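Undergrad: Could you build the full structure based on these sequences and the hints that come with them?
Going by my numbering, the sequence shown opens with residue 914, and the numbers climb by one from there.
Derived from the structure by calculation, the hints contain no laboratory data. Please note that a few of the clues may not be correct.
Unchecked claim - Taking lysine-lysine and the BS3-like style, the derived pairs with C-alpha atoms no more than 30 Å apart in a straight line are: (1) Lys1477 <-> Lys1494; (2) Lys1330 <-> Lys1401; (3) Lys1494 <-> Lys1401; (4) Lys1455 <-> Lys1581; (5) Lys1538 <-> Lys1868; (6) Lys1817 <-> Lys1801; (7) Lys1330 <-> Lys1050; (8) Lys1868 <-> Lys1581; (9) Lys1540 <-> Lys1401; (10) Lys1718 <-> Lys1581; (11) Lys1769 <-> Lys1817.
Nothing here was measured: the structure is a model prediction, and the numbers come from that model.
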Amino acid sequence: MVVVLSAIRTIHWTRHVGVLLAYALSHATLLLFSLWLKPYLAYPSPFWPPLGLLLGVLIIARQRWWLAILVGMFCAELLVGNWWRFGAHTGFNPQGTHAISFIVSVGFSAITIFEAAVAAFCIQRWVAYRLPHIDAKGFLLGLFIVAGVTIPIGAFIGAFIKTSFYPNNDATFFAVWQLWWLSGLLGVLSVTPLVIGAYVLDWSSWRKQTWWYWLEAVLLGVLIVVIDIYVLIVHHKSPTEFLALLPFVVYPLFIWAAMRFRAVYVNTLLLCTLIICVAAVRFEMSPFQKLGDSVYGQLIAQQIYFLVLTLTVVFVRVLSLETKDARVAYSKFANRFRQLLDTAYEMLWATDQQGRLVYVSDAAGVMLGYTPTEMRDHYLDEFMVPEDQARGRQQIRELLVGNIVHANLQVEFVHAKGHRVILSINATSAYEEGVINGVLGTAIDVTEQRLAEHALLESEERFRQVFEEGPIGMYIIDKSLNVVAANKAFCDMLGYNREAVVGVNIRQFSHPDERATITLMSEHFHDAVIQRQRVQRRYIAKNGSEVWGNFSACLIGDAAGKRKFGLGLVENITDRIESEKTRELLEGQIRRLQKLEAVGVLASGIAHDFNNILAGTLGFAELSKTKLAHDHPVQLYLDHIVKSGQRARDLIGQILTFSRGGVSERIKISLREVVQEALQLLRATLPQAVEIQFNDGHEDVSVLADATQLHQVIINLCTNAAQAMGGAGCVIIDLQRVSLNKELATTTALLAAGDYVRLSVKDAGSSIAPDHMDHLFDPFFTTKAAGQGSGLGLSVVHGIVSSHKGGINVISQMGKGTTFQIFFPISYGAAAINTQREEFRQPGRGQRILFVDDEKTLVMLAAELLADLGYDPVVCDSALDAFDIFKKNPEGFDLVITDYSMPKMSGLELAEVISAIRPSQAVILLTGYMDESLSGKTGHYGIAEVAMKPLTASKLSQIIERVLGNAQVLP
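TA: As structure tokens, this is what we get:
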């Protein structure tokens, strides 16, 4: 049967019908055995193990297998019971009918199924979850279900069937019910624990037992069986002796077995004892036959004996298991608790009533280098540094006397190796039955924490110093952008004290154009996108000035990663920005100057060619005039040609001077004519939508000035006026003579009192803002967009006017335009304009002149002109040829006139080689463009004078006379 029960645990029921058949066979065997044990046919069997087997199998099986188990049991019990009652023991059935026997077998089988199924269901529901070890509460609950509910009901039904179908005067209903009830209860108590024990038995654990364990089990089992046989069979004739031996011999042995061995072993011994007892009764050898006069009394005595024995053994077994489990659980708990104490990170310690250590965990070895044994029986303060011993001893004493119930302190201990360790101690009073019997405490090594805190404090102090004393501005803002902290550099940069900055929104210090960007930072304060920033920003200082800064920012979070503050770093780069602006403006100016220089170089080359052309035109025109009578009609045409050539010559000179920035000689000129000439240049450059209105006044006034520079003043002012009007409108230019007294001159333009000519340039464009008036003439100051102005125009105007001892007034009204008033001192006398007809005369007296120019037209003109002037000209169109001529007769020339720009050899080089041959030889150098390098050559290499082309006949005659008058004339 034990093998069958083991198979039940490992084999799937629905796939192995053999297991069910084995169970049915086991059930049938126990059923036959139980029926065979009936000593009297009128009463039930005193011991019914099939019920215990069925109940045990149902308890350990799943409910989905119950139907197969119950069907197998029903078939086995029906076949065996019907065979027993009708076939094998016909005498039991007086009527001898097979139908009654079958009905009775069906009823008895149904009773067994009812008792086992209901009890198994209830036990699985409320008790079976406690398997394999059922505690006392579970055992009593299961006993109540079996003994108090299912078996009494089944016994009632069975007694009714038995007394109804097999009436007997000796077997009353109550007697049959009582015997049936006790029989089923004994079967359950003896067999069901055996079934459950076999099911949950760990067979491998038995192999681990010692030989002494097995020897004890064998000897105890043999002793119990021998005593059972002796008491129940051998001495059955002496009931008194039986009753005396039973309690003191059999019971202690079973109690010993229940306490020492497993349920399978104990229940096997119980089953053997019951079988011996029932067998003795069956063969009328049991002493229970002599305990009563009736059969009922004998059977009741037998069942009560075994019931008490079985309950005692089972209950002792349950209590033993519960106690053992409790001891094991306590041992496990104690071991785990000790492991917890010993492996805890904290050092756990306890003292007695005197304060001596009675327990120290293993963590002491890690923290202090001492073993628990070395610290035990010592006072805790003995391991502290001397300066902390008194404080630690006082705290423990206060806990022991009950003045305080809890202490928390940090003290330094001396490690076994000599260095100091900082421990954080938490201690409390320990009570036993309301009386303080010691102190319990923990200690945590906080040395690294304290060092980290110290390092953190040092780091915070360093950060504070860096923050406060840093060379760049720093501030901290909250998520509302209010300044939480600001360092000195930031406050100094803006000109505020710290109190005026902290608590104010950072937007208040930012440039208005930057505030929208800063607002975005507030709206996305928690976004990782703007976690870091590095841009250039503008701030407004306390004095209203604009401060540029390299701005870097990052968001600062707490330990949870939530961003709470923003750190801003601002490097003041205002000077650098201004320097960059100045550098850019200077670079632009240099580029413009380079362009002007390139234009000047181009203009000088072109001017040379133009002057050569003009020289021929003017020369031949003047020469033609000398060939005609004064009243000849062609003279008028020739005068126009000469005048136009002279104007072209003057215009080329102005272009050269303006493009190369040359400084001309200041002469007395008519300001009206200068304005008119400047306007002629302007009309070609200004937009067509710009109208220029010139009011020249009623009096022509002269000033001592450089015409080219005055042209630049007028052009700059008119260009600014046109730009102020957006390229469309009317620019009014007015000339007027004014007299300024001392007071008016001082308030007008800081001038000296006297007579002035006022040049006014008025536009109807956008006015000048009041805050720009003070910077109007500053170099590089401009309100125009980048690339539309250099900011140098008005500063150049101011410089030119100041150099001419003049002054400037600016009148600007919002919405009414701007007027620039330029004051020049009046130069009395007529302007240097020659309006008389130049008379042609012959100053020469046959002096020999060598003339050289690469322009053949000019060579031809020079030959005619010099001859008409009374000189003896020798002309050539090559400097090399001229040198060869001179070299043949160095003393044969009174004067050498040479062009500067010629191929192969320039006029300057020719003068140099001539001077090397004859140092006293006078040379006149002609050029189409005069620069400082040429004007400075006068006096070198015999160069007596440098003259600009084109030259009129009279001008050339004057120069030759002047040079020859200072030179030695040939004899």
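Undergrad: Run the structure past the numbered hints and jot down the numbers of the failing ones, going up.
TA: Structure breaks hints 1, 2, 4, 7, 9.
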